[in-house]
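Go by the hints and put chain B onto chain A.
Chains as they are written, first to last, in the working numbering: chain A, 1 to 157; chain B, 1 to 321.
Calculated from the structure, these hints are not laboratory results.
Don't be surprised by glycine CBs; every beta carbon is placed ideally from N, CA and C.
Some clues are possibly wrong.
FRET-style restraints, in silico, Cβ to Cβ [as the list claims (entries may be wrong)]:
(1) A:ALA73 <-> B:ARG195: 35 to 43 Å
(2) A:GLY80 <-> B:SER98: 32 to 40 Å
(3) A:ASP66 <-> B:GLY286: 46 to 54 Å
(4) B:THR243 <-> A:ASP66: 49 to 57 Å
(5) A:GLY59 <-> B:VAL288: 21 to 29 Å
(6) B:THR188 <-> A:ALA118: 49 to 57 Å
(7) B:ARG311 <-> A:GLY80: 48 to 56 Å
Lysine to aspartate or glutamate pairs mimicking DMTMM-like chemistry, simulated, CA-CA at most 25 Å apart [to be verified]:
(8) A:LYS130 <-> B:ASP189
(9) A:LYS130 <-> B:ASP40
(10) A:LYS130 <-> B:GLU285
(11) A:LYS130 <-> B:GLU313
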Amino acid sequence: MRRALGIAAVVAAVALAGCGGGGDDGGSTEKLSHEALVRRANAACRTASASVARIPAAGSIDELGDYAASVGAVGERLAGELSRLTPSQPDATSYGRFLDALRASNAQLRTLRQAADAGDRDAVASAARKIANAEPGTYAAVIGLDVCAAATPSPDS
Amino acid sequence: MPRRTPIASIAVTCLAAAGLAAAAHATTGVGTGLPQPRVDVAHSDGDQFVGRYAIGEIDRRAKITSGQLQIDYTDTRKPFLIGSLAIFGYDDDGRQQSSHSITYPYRFGDETLSAPVISQGTYQRIGALRLPVPTDPDELHGQLTWRGGTYQVAFDRLPASDLQTELPQAKQIDPVPLRLRHDGLGPTDADWYGRWRLVPSTADAGRTASIYAPLVRIASAIGDDATVADSGSLLLFEVESRTEPPRPGGMMTVHAPGQTRAEFLTDFRWDGPWRSAIVRGGSDEGPVVGRFLARVSGDRLVGTLTNGDFRVELTFARGGR
Numbered sequence: 001m002r003r004a005l006g007i008a009a010v011v012a013a014v015a016l017a018g019c020g021g022g023g024d025d026g027g028s029t030e031k032l033s034h035e036a037l038v039r040r041a042n043a044a045c046r047t048a049s050a051s052v053a054r055i056p057a058a059g060s061i062d063e064l065g066d067y068a069a070s071v072g073a074v075g076e077r078l079a080g081e082l083s084r085l086t087p088s089q090p091d092a093t094s095y096g097r098f099l100d101a102l103r104a105s106n107a108q109l110r111t112l113r114q115a116a117d118a119g120d121r122d123a124v125a126s127a128a129r130k131i132a133n134a135e136p137g138t139y140a141a142v143i144g145l146d147v148c149a150a151a152t153p154s155p156d157s
Numbered sequence: 001m002p003r004r005t006p007i008a009s010i011a012v013t014c015l016a017a018a019g020l021a022a023a024a025h026a027t028t029g030v031g032t033g034l035p036q037p038r039v040d041v042a043h044s045d046g047d048q049f050v051g052r053y054a055i056g057e058i059d060r061r062a063k064i065t066s067g068q069l070q071i072d073y074t075d076t077r078k079p080f081l082i083g084s085l086a087i088f089g090y091d092d093d094g095r096q097q098s099s100h101s102i103t104y105p106y107r108f109g110d111e112t113l114s115a116p117v118i119s120q121g122t123y124q125r126i127g128a129l130r131l132p133v134p135t136d137p138d139e140l141h142g143q144l145t146w147r148g149g150t151y152q153v154a155f156d157r158l159p160a161s162d163l164q165t166e167l168p169q170a171k172q173i174d175p176v177p178l179r180l181r182h183d184g185l186g187p188t189d190a191d192w193y194g195r196w197r198l199v200p201s202t203a204d205a206g207r208t209a210s211i212y213a214p215l216v217r218i219a220s221a222i223g224d225d226a227t228v229a230d231s232g233s234l235l236l237f238e239v240e241s242r243t244e245p246p247r248p249g250g251m252m253t254v255h256a257p258g259q260t261r262a263e264f265l266t267d268f269r270w271d272g273p274w275r276s277a278i279v280r281g282g283s284d285e286g287p288v289v290g291r292f293l294a295r296v297s298g299d300r301l302v303g304t305l306t307n308g309d310f311r312v313e314l315t316f317a318r319g320g321r
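Bound-form chain A, shown alone:
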């Protein structure tokens, strides 16, 4: 699985690298310095984390589907924003792995939503474990994205 992620990341990195550009903090096709990448990715994660923290928590499996949908919308938006950032070559592989982890989490999140809507607790727990095992926070930490790496606090009910 890790190897598959790595291959996907390399492919993504090559594709991203082909987009060209050379500025430090510029538009979507410019390769970003490590500092600029960290700054912009962390800013996106900060916004996403705050959005997730404001979503009222589900208190039962009946509410979980809607909650997962709300979190999923934020996750999809974040993945989209981060995909538009072009890392410089030294960061490309690690950044690609982080994006892959986000996308894998978003895919499992859709599964979790379906399981919740079906009232299937075992499938809910399984999907939750798969999101946890995707470890987007771990991959974010590898590249120094400390805001993206931090676990978002749980909301109050």
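Just chain B, lined up with the frame of chain A:
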């Protein structure tokens, strides 16, 4: 007629049925056909648990009459901890039952070694084992989750070389008494005063899930029907009164997915390592709504807060804001 089972037969049965490639070698580890766990337990943490043990004491509600636990590192290229658990007891109808399980994969955190208990027949999770770092090298005290209940259990180390001794009958003990023997927090209440911080459990499934952490926690809690606290604190202090002697009081906050709770603790009692308090709602003079029961483990308080349907395991360490 209690079951008397030679330890050797259990060891062989357990490890063979577990799919382990080699029989037990008490000092050299075991082989295994199981996948490498995602998390390793370092030898510096795991070695203190390695060995063969018999159940010495068990909460009588577990209906377990005897049992053996063996924990060892594998002989694989990258050794990992694995255990076998043989349990003999009886069901609700009094019929004798036996069970052979694997304890795997092990994790070490919060000064506690833990692992799911996996059925050897179905490879389904059927329980859990939690073992705090032993204070006596010949004993393990912990909790066994088994058939829907969680029970205090004590294991006694067995001689590594003796595989013929009959498995001893486990002493049946009553659950932790509802009323501990002594008033207060301990021999000297003041030793316990101050602020304690919640030690986030390594069981927090969301800790590496970035923005998905709340979802993972909530979904895990709903899916697995378990609550995990992610932050909190405990303040223990002296309550003064004009008419009564000073007594301990407590204020606990617990933040878990979907809720933040503030609990007032009164009526502290202690007995050996155990500490208990009444949980009151609204204020320290409010109605009794629950109970906090903890065990002193090193410099930590490891316990369970129950308040109606809310039940959460908590570990507190000195300090915090």
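query = Looking back at the numbered hints, which does the structure fail to meet, lowest number first?
reply = 2, 3, 7, 8 and 10
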